[in-house]
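> Spelled out from the first residue to the last, the chains are:
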Amino acid sequence: RDDLAAYCLMLADDALVASQRLSEWSTNAPELEEEVALANIALDLLGQARVLLSRAGHLGAAERFRTTTMAPALSDEDVLAYFRDDRFFRSVTLAEMDLGDFARTMAWIVVYSSWRLALMTGLRGLSDPVLAAVAAKAVPELAYQREYAAGWVVRLGDGTEYSHERMQAGFDAVWPFTEELFLAHPVETRLVEAGVAVDPTSLRASLDADLAQLLPVATLSRPERPAVGLVGGRGGRDGVHTEALGRMLAIMQSLARAHPDATW
Amino acid sequence: RDDLAAYCLMLADDALVASQRLSEWSTNAPELEEEVALANIALDLLGQARVLLSRAGHLGAAERFRTTTMAPALSDEDVLAYFRDDRFFRSVTLAEMDLGDFARTMAWIVVYSSWRLALMTGLRGLSDPVLAAVAAKAVPELAYQREYAAGWVVRLGDGTEYSHERMQAGFDAVWPFTEELFLAHPVETRLVEAGVAVDPTSLRASLDADLAQLLPVATLSRPERPAVGLVGGRGGRDGVHTEALGRMLAIMQSLARAHPDATW
Amino acid sequence: MDHDDQLLADFDATVAAEGRIEPRDWMPEGYRKTLIRQIAQHAHSEIIGMQPEGNWILRAPSLRRKAILLAKVQDEAGHGLYLYSATETLGVDRTELTEKLIDSRQKYSSIFNYPTLTFADIGVIGWLVDGAAICNQVPLCRSSYGPYARAMVRICKEESFHQRQGFELLMTLMAGTDAQREMVQDAVNRWWWPSLMMFGPADGDSPNTQQSMAWRIKRHTNDELRQRYVDMSMPQAEALGVTFPDPELRWNAERGSYDYGEIDWDEFTAVVKGAGPCNAQRLAHRRAAHENGQWVRDAASAYAAKQATREEVAA
Amino acid sequence: MDHDDQLLADFDATVAAEGRIEPRDWMPEGYRKTLIRQIAQHAHSEIIGMQPEGNWILRAPSLRRKAILLAKVQDEAGHGLYLYSATETLGVDRTELTEKLIDSRQKYSSIFNYPTLTFADIGVIGWLVDGAAICNQVPLCRSSYGPYARAMVRICKEESFHQRQGFELLMTLMAGTDAQREMVQDAVNRWWWPSLMMFGPADGDSPNTQQSMAWRIKRHTNDELRQRYVDMSMPQAEALGVTFPDPELRWNAERGSYDYGEIDWDEFTAVVKGAGPCNAQRLAHRRAAHENGQWVRDAASAYAAKQATREEVAA
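Just so you know, the sequences run in chain order A, B, C and D. Anchor point for the first sequence: position 73 equals 73 in this note's numbering, and the numbering is continuous, going up by one each time. Anchor point for the second sequence: position 173 equals 173 in this note's numbering, and the numbering is continuous, going up by one each time. Anchor point for the third sequence: position 295 equals 295 in this note's numbering, and the numbering is continuous, going up by one each time. Anchor point for the fourth sequence: position 291 equals 291 in this note's numbering, and the numbering is continuous, going up by one each time.
If you are wondering where the hints come from, they were derived from the structure by calculation, not from laboratory data. Predicted, not measured: the structure shown is a model, and the values here were computed from it. Some hints here could point you the wrong way.
Okay, derived cross-link-like pairs now, BS3-like style, lysine-lysine, Cα gap no bigger than 30 Å in a straight line [what the hints assert, rightly or not]:
hint: 1; chain 1: A; residue 1: Lys137; chain 2: C; residue 2: Lys157
hint: 2; chain 1: C; residue 1: Lys100; chain 2: C; residue 2: Lys273
hint: 3; chain 1: D; residue 1: Lys157; chain 2: B; residue 2: Lys137
hint: 4; chain 1: C; residue 1: Lys157; chain 2: C; residue 2: Lys107
hint: 5; chain 1: D; residue 1: Lys157; chain 2: D; residue 2: Lys33
hint: 6; chain 1: D; residue 1: Lys33; chain 2: D; residue 2: Lys273
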């Protein structure tokens, strides 16, 4: 039960943090169509996060973060989203990286959605009915995200000389965060044995295949950058994040925390 | 007593908010000498803010912001800096404006320090001994700030064509926020009559004179931009700020508010 | 009667009979220009209007409210898209209009030159600002220009939804903590007068109204719409438990309407002329987004051109 | 004995007698290069080291701590300045070294490739990281190269001050709430091993040590300094009430020193080679600051050139 709650948090936080990052594009996108598309992706991920956080809450994950000064009516999803410090977020560090420019964002969406699509596709067939249902809904959403961003990767990679450089730089910047996607946390390892979770080490082939198809069409090369290292063997899944997450949460949680006794 | 507390908060918040903005330059300045200089200015202003916040606290300004969940040992200056929402900050909106690039920052420092120098110079001779002491210490600090930034205004204004444009754009961006500097809040008006405060309407001549001397040397022209409007007649001194202040405080106050029961 | 006169007579007859003018139809140049100006201003308002709300997306205090706000701001981008498309049927494209916007050659609704200072502002924008927009826009669903009328039908439906969401947020806050209730009243105090200004100058100072009404581009005078808005809002304020910051606001049994105080037309004029609290900020933000996106749009064009060449070669 | 041999003999004699080599003195090319590399690496470490601490300036939880942190980061910029000046006496300028840094052709201390995750990290950096730096640097105040030795005297004085401030912050947190105490232990757990790595590879894997010691650029081996650091830190940890994450750490009465566990040299190597948690981030940040400042430096040069011309004309 604790393992399953932790696994729900991992999947939820991956989506919540990525959604928050994408929301930063609001009113800043290069075209109105991109405003709409990026908000769509942020909304889909937020939707995934909410169901998964509630599930984690049902499994007891929110209790340790509730305090006596908090409104009792505060939902589990909000307790978990707003009253956990970054050290308790279990998302991969890819999710929290600074998106930088539009090219980097597109590289990031391609990598993120390709990976999560493979994960959700696997989850759809496993034994937990709630996770399977979340996954069934998420699969077409993620397939859309991947297609959308891949379209821009091709246009920017094979557009102007300048956009080509930025698109390559975008993949170069994202690349160091991919290694962590394929590391199995002990929680995952136990749940894989129980037939409830997808083995992250099995997901690499699918991202490799997607990029092997996409990058040549976009006239880009596969990045060669060293992976971001862990801190004493611990990474995002253990709550050891990059500095970016703490700064992001400072903003995200500010208002909710200013009024712990309130619901909205 | 309430008026004097409010006046201390005005002068404190002007410095605190400006100091926080300047701190954003840390690790981002164009040269190491600028790292040192900008940190210096931020530190001077932070020092001014701390004395003034403590004074406001002695006059009772912190009490309404203390709550039962807060550590009783929390100092007045920290209660006032960290547990007030932006609607209770009494700083001018100039102080909170996004600094943007280095040129805009230099224009901003020139305007801010020229104005505050005139204010502090006036305050030095008035009857309140604490304010006079703060002012006596602040005057040489502000004079240094103004000189430092003026040096860059000249170098950038009369440097390359590109830097000239950016320097002019910097003044253009700062200009709309200057009008508010010379508005007298009712608190100020009452304290001016009591011989404790400086009349803000009297400070315009000094800024005008400084700019009339500086801008031609820097080959720049005096900006002509409409003043930022008030909201129903209310501005920063009434706690009606720009959107920038709320975002700034979300970051600044995040950690202190996460641990109201702690002191540091 | 020569050919042009005949066209004009046909146009006038169609309009008078509440018929629709379509892009392929002849229309007077003044009608076209007025429409372009009005639709462009409306489109710009949707786009600039994303900013005050966007200011709170990253800080929305619950995930449900974050989703609602994100979707609302997204809808506004969508509205901008429909409306710019409607102007395209009149022969001007989005790029041209965007440039006019960021060069201050075209306007947007002045209401968006006020800042959103608390999350209650999000509710009040939904309730009052969208409410006022709906009063203005519902009659436009019967605009004589077909593409505009059709865009407005869709937009009004979504705006009503947004308005209900805003009101629901405020109801929640009013049922919440003291701090939340204070936030709501404070937001109402700041937005009430600007929302009244959304209907434009008083009828006596609105010289273009008569022509626009004759063309069925506009269907009611500014003051008529403003009165309707006041009458609609008062019972809602009572239901919420908030007051409007106007001591002269009271029921006039004789008129069957609410009387209200004098609008600060100096403030209105200042904001329209660019001296509002956020004019410079809003335009600078929009300009930066546009300029920062230039290389992306350039790349898309370059790619499209390459693809066209490749297809030609392949053919 | 020819002239060059004579110069070398004089140099060796000066160094052996604990004399100082000054910029005007002859020195072997290897000595110069080793010094440049070492001082540059030290300067880069000061500059990159501003980032992990800078991460908390805007969020420092009290104004007093904000002032202390701001001043500390400022001091580090100052240290960078002295050290780059010392390299200038050896014939290389700051611009060149900055470019080598951002192109990864020169290194900086690997410790700064770890993230600061809580405010307790600020205290632990002061206590452990500055503590280790001081162990490394105090002997350098007697470096054979004069400008470097003099810079180190000043730097060490300030570093000791920073270390005391860090320790004082941790004492305060340990006397605070449970959450604060947990924060401290968590930060110690993350920084302890990386701080041991600050002394570089084990003596057996440090081939340049002997030459550097002969030149009096270095005065103790890595392992000697590391042991001194462990011995110094243990009683401090006890005073604070924290533990180090090393089950093998225990007093060895025979040696009169603490034994400690094996360092994860794979992690060390990975971080040195660019695969630490923050290598890419730190360099990208420094590169962005440098590139964003290019137009400012260009303007300053252009202005200086104009002024020089004007003075010439006036003369």
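> Against the structure shown, which of the earlier numbered hints fail to hold, in ascending order?
none
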